[in-house]
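Participant: Protein chains in written order, with this note's numbering: chain G, 1 to 255; chain E, 1 to 384; chain P, 1 to 234; chain W, 1 to 306; chain R, 1 to 309.
Don't read these hints as lab results, they were simulated from the structure. Treat the hints loosely; a few may be bogus.
Simulated restraints, written as ranges between beta carbons of each label pair [claimed, not checked]:
| # | chain 1 | residue 1 | chain 2 | residue 2 | range |
| --- | --- | --- | --- | --- | --- |
| 1 | P | Thr178 | G | Lys73 | 31 to 37 Å |
| 2 | R | Lys4 | E | Asp77 | 36 to 42 Å |
| 3 | E | Gly180 | G | Trp118 | 54 to 60 Å |
| 4 | G | Lys73 | R | Ala292 | 27 to 33 Å |
Note that beta-carbon positions come from the ideal geometry of N, C-alpha and C, so glycine has one too.
The primary structure of each chain is shown beneath.
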Amino acid sequence: MRLQETILKTIGLGKTFKGFSAVSDVNLDVARGSIHALIGPNGAGKTTCFNLLTKFLEPTSGQILFNGFDITKERPAQIARRGVVRSFQISAVFPHLSVLENVRVALQRGLGTEFHFWKSGDSLNVLNERAEELLCEVGLADFAHEDTLNLAYGRKRALEIATTMAMEPELMLLDEPTQGMGHEDVERVTELIDRVAKGRTVLMVEHNMKVVSSIADRITVLQRGSVLAEGSYQEVSNNPLVIEAYMGSQGADTI
Amino acid sequence: QASKTSGDVIKIGVLTDLSSTYSDLAGPGAVIAAKMAIADFSKDGTVLGKKIELLSADHQNKADIAANKAREWYDKDGVDVIVELVSTNVALAVMEVAEQKNKITLVSGAASLPITNEKCTANNVHWTYDTYALSNGTGKAVVKQGKKNWYFITADYAFGAALEKDATNVVTANGGKVLGTSKHPFPNSDFSSYLLKAQASGADVVALANAGQDTINSVKQASEFGINKKQTVVPLLMFISDVHSLGLNAAQGMYLTEGFYWDKDDKTRAFSKRFILQHKRMPTSVQAGVYSSVLAYLTAVQKAGTDDTQAVMKALKSTNIDDGLFKGKIRADGKFEHDMYLLEVKKPSDSKSPWDYYNVRAVIPAAEATQPLSLSRCKLVTNK
Amino acid sequence: MSTMALEVKNLESWYGESHILHGVNFAVRDGEVVTLLGRNGAGRSTILKTILGLTSKRTGSVEVYGAQTITMPTYQIARLGVGFCPEERGIFASLSTEENLMLLPEIAPGGMGLDEIYEMFPNLYERRNSPGTRLSGGEQQMLAMARILRTGAKLLLLDEITEGLAPVIVQKLGEVVTSLRNKGFTIVLVEQNFRFAAPLADRHYVVEHGNVVEVVNQNELTEKASLLNEYLGV
Amino acid sequence: MFELLGITPQGLVAQLLVGLINGSFYAILSLGLAIIFGLLNIINFSHGAQYTMGAFVAWIGLTQVGQWFGFPEFSINYWFALILVPLVMAGFGLILERTMLRRLYHLDHLYGLLLTFGLALIIEGMFRHWYGISGESYPAPEILQGAIPLESIGIILPKYRLWVVVVSLVVCFSTWYVIERTKLGAYLRAGTENPKLLQAFGINVPLMISLAYAYGVGLAGFAGVLAAPIFQVNPLMGSNLIIVVFAVVVIGGMGSIMGSILTGLALGLIEGLTKVFYPEASGVVIFVIMAIVLLIRPAGLFGREK
Amino acid sequence: MNSKTKLIYGILVCIALLMPFQDFIYLVFAMKVLCFALFACAFNLLLGFTGLLSFGHAAFFGTSAYITAYFCKEVGLSPEFGIALGVLGSAALGLLIGSLAIRRQGIYFAMVTLALSQMVYFLAVQLPFTGGEDGIQGVPRGMLLGFIDLKDDVSMYYFVLAVFLIGFALILRTVHSPFGQVLKAIRENEPRAISLGYDVDRFKLISFVISAALAGLAGSLKTLVFQLATLTDVHWHMSGEVVLMTLLGGMGTILGPVVGAGIVVGLQNYLANIGSWSTIATGFIFVICVLAFRRGVVGEIAHFFKSKT
Ligand SMILES: Nc1ncnc2c1ncn2[C@@H]1O[C@H](COP(=O)(O)OP(=O)(O)OP(=O)(O)O)[C@@H](O)[C@H]1O
Ligand SMILES: Nc1ncnc2c1ncn2[C@@H]1O[C@H](COP(=O)(O)OP(=O)(O)OP(=O)(O)O)[C@@H](O)[C@H]1O
Ligand SMILES: [Mg+2]
Ligand SMILES: [Mg+2]
């Protein structure tokens, strides 16, 4: 496959819910290897955008191109297998599996034995090492054998990132990855995202401007379902429209 | 695992419906009837010097439970004979097992003709009644009264179909006509749609080819819709327990056929008075049949001098039975041939005492109440 | 004012078999705003839930406006004038936005009117007829906050209300809290966002491992900055 | 005369009326189930048994109570039973809720189903043991006995059945009004989703839940009294009905009040017509409809999609 | 599997092997328990390990029972082919019902399966070859592989035991396999599993079909043991019974359904003599179980040992 500058492109993407248009005519261009942030006021349509990109929702209009292929018609699992993997705004883990198993479920797809109901479960142990590595990276090594249910919220978020990374995605979609985390964790996760973004592409929704300003290469601001502004952090944060609609008078620095 | 010989006891198993649909017409009452038969047979409860033991179990009208129990009884507990067996599928399943194990079954509660016809076995007697007797008894009598146009409300399963078919034959053979049929799912509680259709058909007779609750509710609702005023409602299978729970108000005037009525003569009355002391209810024909079959079995064992199956069957089939409740002979195909009674339900005002429900309108002689052997499809008869 | 709005003594609490709070003590006077700070999992949300009797077991003493509530059922505690905004928001999916808003019974006079609320959160006005959980994450957060303002509750327990909100809204919420405070509401704020909380509160309690380990008054903020830093990594 | 598939238009009208009568039983029973499911998250398998129990209690009141206390003359007539039995049943429901169901709310639906299934067996078994299987007759009250001959359409309609339709429609729609048009309804729905949180807002959820269950059981008892004069009062009358009523609730949309009423009526009609045109299928038609509805509109006809 | 569980399994298998050498438990009863245990295990694969509550499993049990009965009796096939055809039939039916039902979730899934199985019941009543409510009776057990006469209860018993063990082992393996791991994940959080690239519907469908096929296997075996197939096998009561067995034994545990089947079948058998009291007693047992032993027998025992260590 020829490497392209643009890994993900949407053309005129739109979604209406019973007459209410949550996303309209969004043209995104996500460059390969970049960290691209999607910001905007609450209800602007960011999560909806994610849902459209991963086909958890059916777009009302528009096209989605991934690596130049039109994936508008594909099913969610197919898209995930192409390398577009998302995390959820509201934490999504497998509560009654251990932390390690959570990650292993993601890794398991690589083995290609997911339908082998006659195979022993021990055949999955080869994945443990890699899973532990990933847990280490997000600082959950000590919790590997804990039931996920018992983790505090912030740790669940970290686990979710580890699971997402386990998929070795080409494009990671992170919906507010630092939401609900303490400051230390935020910093660690920010670093983590920055680190794992090497060699892949990240598209993330984030309200924490500190995170956005420190790692995002490019920012798209949504408002009422359409693109309000786009550019680097500097450009965007000085855009008066954005300040009015999103950042607020105090500007970014105070947050 | 070799089946054990019955050893030092004669074991009789009452396999019946103790808890569901048919428990009133058979059920605990059948167990009591069997006990009475044993007590009447010998004071000390023995035959040939061996103790007589009675077992009972609930088959819940499920063939698999019944077959399971029957196997266990025959194999493990050394039961010699299983009696009662209400509900045709249960009877057939147990007869099958009995044939394999070379043991005896005496069917009282089940109604289907195939029991002594295409499904007959050499070790079985069908005691009390069958669909042939029911439809011949009631069908013929009603057609002869000039009620020639029939409409059937039939339970949508094999028993209902058999009953309808037998009755249809009788009706047409006697110059009547069938105008239509409504098949209803089993069980069912609301019959008004079918009754309205029957009403609209303009038939003289609305015949009910169903049983138990279904019949009771059909009759009850027929009277609610005033159908019994203009048309004759004929339940093809109905027991005194059903009439009892319906009440005479709704049931009055109906014709039905039974093999036994407690108030027929002194002997039946004497038996029934003893029975009601123990059971608080008058015996149904099925319960009376159980009494009769157990008594006959014990007598046959006595006569044969052994509990060996073939010998006992031979003794049974070669004895004239007359125990005061039933009188007749057991034929080669296993049908116990006896008289049946055409009964009419009394008006409430004519009923003098509790359970005084019927007028005996006619005695249907055994020959007429039983399918002639020449028509039988029983392997025991056709092979000869 | 000097009456006590909330006084928690020796509060212990359990989720099933896990023992989460180990003797928490703090008190809030009528009209004060305090925060509970701490790391993830420290037990701050649990403190709020325990005050309302939402955990499986609790012991100790919790007085709300002078009434001992430790043996009361939850709904009676709420009727003493407590408004709760849970961290998971708890919007009812089967009700529309406006039904969600109108759902809570008035437990005391002096709640805000619907107009006032819509003015404060215009997003909600726009989406008032859509099912509660069809709102965006942030809109749900606004709704959860807004609905308790209608009830007339005077003691508000707010769990991470700025979570997932756009900076403009956060700013707006800051104003809301300030105005509530000026109106005489008593507020217990669980916050991750220290910068949001710092200027609003009279006092900060630092929670760690199910205990209050430090109290920092408004005027001690600068002195104790390093201490806070140590606890919270701010 | 114009005939359609062997039935006259008059006959058809009569059949539709009959269907409506059954429909009103479905409606009133499924309404109770819907309320209980909607609020307690419990599939009340004992609903059928409670309906049976209603009928039996009415019958006992009419024929037995007097004897028990040595006044054979004394009996509770139909009209009193119509009010008294639902109250007795509601009280019974209240006890069940307080002592047993209460412990299951935080669990999967399955446990509620299992518990109420067990209760149904116990109730049925008791009546079976005491009163036998063939059941007892319960006469309709004097003034509702007899029938109205509708000469114009050539049928006779029992007065009692007309009464059933009227009274059950009244009960159904007033229940609907109270639940959907008052704030109570919003509480009920919110309470279904997150009872703990609703409590935290100052609502006495446990009481609300107890009363809702009691009301549902009361409705079942009410239906039982209504049914007693039509069907034989027998221990199995409810268990035969209950599975169909479940289907009605599902088709209408679990927990939807209006849904269960309208679907109950509609399915009564459809079933009635099936009995006329293809009687063998009348036992299965409701399930066919259920399968189709669930595949096309998973939340049921009136249910809210999640 | 740790050594302790291995030991338990070993003991159980030994007991099962020795069953014919005793007089206390009737052999046909033991066979019945094994058939229903297999049925319940198959059901548990779906409920306990995939999180799908099917309220129509009798459809598979019964369909296969009828097919086997028909081919063994009317066509005269040998038992192994009769069973194979039955299992194929129920698997095909599983594919059909499954692909319709898995589109729905939770209680709706349960209701779709119930509705579809009611239609199967309807067919069983109406189709001519099923023999209506008399069912197909007198099915010959036949000669297994042409030389083992199954008429003898002891050889029949060992045959049933062998089939049961194979079925059980398959389920055990499935649960712990990579496939089972994904099933577990799906049960826990479906959207997340999708976002990880798993085609969730495929997984559900496969486990549905496996479960249906094994339920069918149980049905076929039962037909041979009792030599009959009747409407009881397809009735919704049967679907309900298997739910009860599973819950009573402990859903989501491996041995639970086996124990549950033993209890329910035993109750039916030994309470049979006390008439309506048996219904009441059964009712009480369920109520007590739900209120006091919610994890089911096996679940409670496991929990007891877990909390002790
Ligand atoms: N399924 C749906 N049905 C109806 N409206 C919806 C649905 N999903 C989202 N919306 C509406 O679409 C708009 C965009 O929602 P979305 O969740 O995408 O916002 P967001 O940008 O992620 O906001 P936040 O930052 O608050 O999470 C909101 O107004 C929301 O109410
Ligand atoms: N429902 C629950 N069952 C069992 N343990 C729980 C439950 N909820 C929380 N916990 C545990 O209680 C502890 C305190 O949790 P709490 O939610 O109060 O923390 P928090 O300080 O609010 O942190 P966060 O920032 O993550 O919200 C954590 O260790 C958590 O794992
Ligand atoms: Mg969002
Ligand atoms: Mg918290």
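Participant: Could you check the structure against the hints above and give me the numbers of any it violates, in ascending order?
Facilitator: 1, 4
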